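Sequences listed follow chains A and B, in order. Our numbering applies: residue 1 is where the first sequence begins, and numbers increase by one. Our numbering applies: residue 1 is where the second sequence begins, and numbers increase by one.
It should be emphasised that the hints constitute simulated quantities derived from the structure, not laboratory data. Keep in mind it's a predicted model, so treat the numbers as computed, not measured. Be careful, since some hints might not be right.
Calculated lysine-lysine pairs in the DSBU-like style (CA-CA distance at most 30 Å, straight line) [what the hints assert, rightly or not]:
1. B/403 with A/133
2. B/252 with A/120
3. A/159 with A/172
Derived CB-CB ranges, DEER-like [to be verified]:
4. A/66 with B/303: 56 to 62 Å
5. A/256 with B/23: 49 to 55 Å
6. B/318 with A/150: 30 to 36 Å
7. B/399 with A/132: 20 to 26 Å
8. B/307 with A/152: 22 to 28 Å
9. A/112 with B/303: 46 to 52 Å
10. A/66 with B/12: 36 to 42 Å
All C-beta atoms in this analysis are idealised placements derived from N, C-alpha and C, irrespective of residue type, glycine included.
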Amino acid sequence: MTDRALDGLALTLGAVDVNETVQAAPARAVAATSGDLIQLSAVTKTYDAGELAVQALRGIDLAIGKGQMAAIVGPSGSGKSTLMHILGCLDGPTSGSYLLEGQDVSAMSSFQLAGVRNRKIGFVFQTFNLLPKASLLRNVELPLLYAGLGGAERRERAKAALERVGLSERAKHRPAELSGGQRQRAAIARALVNAPSLILADEPTGNLDSKTGLEILRIFHEMHARGETIVIVTHDPKIADQCERVVQIVDGRIEDDRLNS
Amino acid sequence: MKRLLASIWESVIDGVMDMNSHRTRSVLQLVGIVLGVASVVATFGLIDGGRQQVMAFFDKTGGVRKMLVRDKELRGVVQTAAEKSSKGLTYDDAVVLAREAKTIELVEPTVQRNELVKGHGYEKTLEVSGATAAYEHMYDFHPAEGRFLTAEDVSASAKVVVLGSNRREEIFGARPAVGQVLSIAGRAYTVVGVMQKKEFFFNEADGNALDWMNKFVFVPTTTMLNRMSGDRAGQKISYMNVQVRDVKDMDKAMEEVATILRRTHGGVEDVDIVNRKARMEQMEQQGRIYDVTFMVCGAISLLVGGIVIMNILLASFNERVREVGTRKALGATGLNIMAQFLVESVVVTLIGGVLGVALGAGFTRGISALIQQPVVLSPGMILAGLSFSVVVGIFFGFYPAVKAARLNPIQALRYE
Numbered sequence: 001m002t003d004r005a006l007d008g009l010a011l012t013l014g015a016v017d018v019n020e021t022v023q024a025a026p027a028r029a030v031a032a033t034s035g036d037l038i039q040l041s042a043v044t045k046t047y048d049a050g051e052l053a054v055q056a057l058r059g060i061d062l063a064i065g066k067g068q069m070a071a072i073v074g075p076s077g078s079g080k081s082t083l084m085h086i087l088g089c090l091d092g093p094t095s096g097s098y099l100l101e102g103q104d105v106s107a108m109s110s111f112q113l114a115g116v117r118n119r120k121i122g123f124v125f126q127t128f129n130l131l132p133k134a135s136l137l138r139n140v141e142l143p144l145l146y147a148g149l150g151g152a153e154r155r156e157r158a159k160a161a162l163e164r165v166g167l168s169e170r171a172k173h174r175p176a177e178l179s180g181g182q183r184q185r186a187a188i189a190r191a192l193v194n195a196p197s198l199i200l201a202d203e204p205t206g207n208l209d210s211k212t213g214l215e216i217l218r219i220f221h222e223m224h225a226r227g228e229t230i231v232i233v234t235h236d237p238k239i240a241d242q243c244e245r246v247v248q249i250v251d252g253r254i255e256d257d258r259l260n261s
Numbered sequence: 001m002k003r004l005l006a007s008i009w010e011s012v013i014d015g016v017m018d019m020n021s022h023r024t025r026s027v028l029q030l031v032g033i034v035l036g037v038a039s040v041v042a043t044f045g046l047i048d049g050g051r052q053q054v055m056a057f058f059d060k061t062g063g064v065r066k067m068l069v070r071d072k073e074l075r076g077v078v079q080t081a082a083e084k085s086s087k088g089l090t091y092d093d094a095v096v097l098a099r100e101a102k103t104i105e106l107v108e109p110t111v112q113r114n115e116l117v118k119g120h121g122y123e124k125t126l127e128v129s130g131a132t133a134a135y136e137h138m139y140d141f142h143p144a145e146g147r148f149l150t151a152e153d154v155s156a157s158a159k160v161v162v163l164g165s166n167r168r169e170e171i172f173g174a175r176p177a178v179g180q181v182l183s184i185a186g187r188a189y190t191v192v193g194v195m196q197k198k199e200f201f202f203n204e205a206d207g208n209a210l211d212w213m214n215k216f217v218f219v220p221t222t223t224m225l226n227r228m229s230g231d232r233a234g235q236k237i238s239y240m241n242v243q244v245r246d247v248k249d250m251d252k253a254m255e256e257v258a259t260i261l262r263r264t265h266g267g268v269e270d271v272d273i274v275n276r277k278a279r280m281e282q283m284e285q286q287g288r289i290y291d292v293t294f295m296v297c298g299a300i301s302l303l304v305g306g307i308v309i310m311n312i313l314l315a316s317f318n319e320r321v322r323e324v325g326t327r328k329a330l331g332a333t334g335l336n337i338m339a340q341f342l343v344e345s346v347v348v349t350l351i352g353g354v355l356g357v358a359l360g361a362g363f364t365r366g367i368s369a370l371i372q373q374p375v376v377l378s379p380g381m382i383l384a385g386l387s388f389s390v391v392v393g394i395f396f397g398f399y400p401a402v403k404a405a406r407l408n409p410i411q412a413l414r415y416e
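Let the sequences and hints guide you as you build the complete structure.
Okay, here's the thing in structure tokens:
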């Protein structure tokens, strides 16, 4: 049985209890407006694991405005990873709708979703996920390659993105020649290079020491200050506290949604 | 379309980069293909070389349109009266054939006998051959000095002689030959011509395979029959060569020649007609058996090479799952991933193909130097070697490519 199925099993067992809590306290810090970048309505996700249908998300309504910096937090098995996958268009919801910049992506084919990921979403992973044998420049170019851009323009934009994260000196280096913090900065440059609507970071500081983690967070703040929309999935309350908005997921539902003052 | 081409080109760069970064793996992948293509190229080079030589030899000795008509050795104790009265092939048979057979272009009746050749300090018994004017055209064998035998020489049974280049050398050395007189079987013959030197080398060690043609002493066939033979009425010839107008009519020509000769021989079938085309076809068929055998061997080695490639692609598949997940998250479609994997295996096999052709060419050179036989490296073969390797690349790269393209991005990203 996979981890996912185990997560879901836990959810199913605890279902009744959670339902009541959520209905009693429907926390809604930010109201959905037409200007929202992300609009999830009644999104559910059910995994079909053999005999067991596992409900990872049980009705998520969430709106995130342009330029917001939001943290999605929750214990492991809460469904926050599933939510991130749906937000990142890596997976579609079982039911409900997802509007990204007003475009319904919930019923798109995997081919169309690849295009949406390419144009609108920049991913930052916990484990950086740089191609080990390619130079930083080549790594950062990758999303532009899939966007079908020509070589000269790719290089130019990739260099500009590396400069934004302070790595222009290292463009020719391979990831193995860099520190963890530098690698994550390169990954951020890669996420930025396509000028996406949404930066989606999955535990971006999880593999870094706390000092380097703060450094990475500072870059996110800078990006936020320039108007980027950033969603960080984390279980670290210290990271969440630094975001302007915190959405807490428990057992496949939004348990809390607050703005930090 | 332009975008697709661009993305394929990028896949090529990606593929080459990836190969470059996994050098040991790539070398291992290459070995099978290199050896497979090399063995195919080498064996076909040798086979083709041999075949071309045989063809060239055939061309130099009368081509495929030639057939040989000779007396059959009659077997059995009891012979009919008709069989007893038939004299076998005669000069008249040749005359009738030349006149009547529509499918025949040239008839060349010959008599061969050893006679004493004397003159200018030379004295030796040599084989003297009767020939007609047709000989020159049938064998594409021309005089270097003077002229060849003419129709007039033949009809007049003229006492003229044409020498092969070796014979001229032996008898006259550096002195002029044309216009000189030689004694053959006690009579005076005027030398009217000397033939070109005829050469053909299967390999250097075996020497000139056509040297026998340089040892000819030609006199008109009619002169042989009328002035040298005791049996003038018999007009018996040794054999004749016949050249067909069109090689496609070979079967028809054989039939026609057989029919005419049966009639002139009073209904007795006492000649053999040996068809060069049949011999060629037999050789072709043997050649095809070699072709198929080596083709199968080559295909097996390419198959092994392909399996090695697929094996290594699959073995290294797991370490690339995360990479595929990352690429998909960044916007790669299944098609992009599939193209990347396919291009990679095609690049590997194509490089293997190029190296294999080079290695195969080296092999054939070496073998040809060793056995002193020319080899042929045709552009077609090189192309075949390369396209074989591309096909192997696509075929064996397909499964890993589809497998990679179908990976679920979420699971691929999670893969440890």
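Consistency of the hints with the structure:
1. B/403 with A/133: Roughly 22 Å separates the two Cα atoms, so the pair holds.
2. B/252 with A/120: Distance of about 80 Å is beyond 30 Å: violated.
3. A/159 with A/172: Distance of about 10 Å is within 30 Å: holds.
4. A/66 with B/303: 56 to 62 Å: holds, 58 Å
5. A/256 with B/23: 49 to 55 Å: holds, 53 Å
6. B/318 with A/150: 30 to 36 Å: holds, 34 Å
7. B/399 with A/132: 20 to 26 Å: Cβ of residue 399 of chain B to Cβ of residue 132 of chain A: about 25 Å, so the range 20 to 26 Å holds.
8. B/307 with A/152: 22 to 28 Å: About 41 Å separates the Cβ atoms of residue 307 of chain B and residue 152 of chain A, which means 22 to 28 Å is violated.
9. A/112 with B/303: 46 to 52 Å: violated, 39 Å
10. A/66 with B/12: 36 to 42 Å: Taking Cβ atoms as reference, residue 66 of chain A and residue 12 of chain B lie about 39 Å apart, which means the hint holds.
In summary, the numbered hints that this structure violates are 2, 8 and 9.
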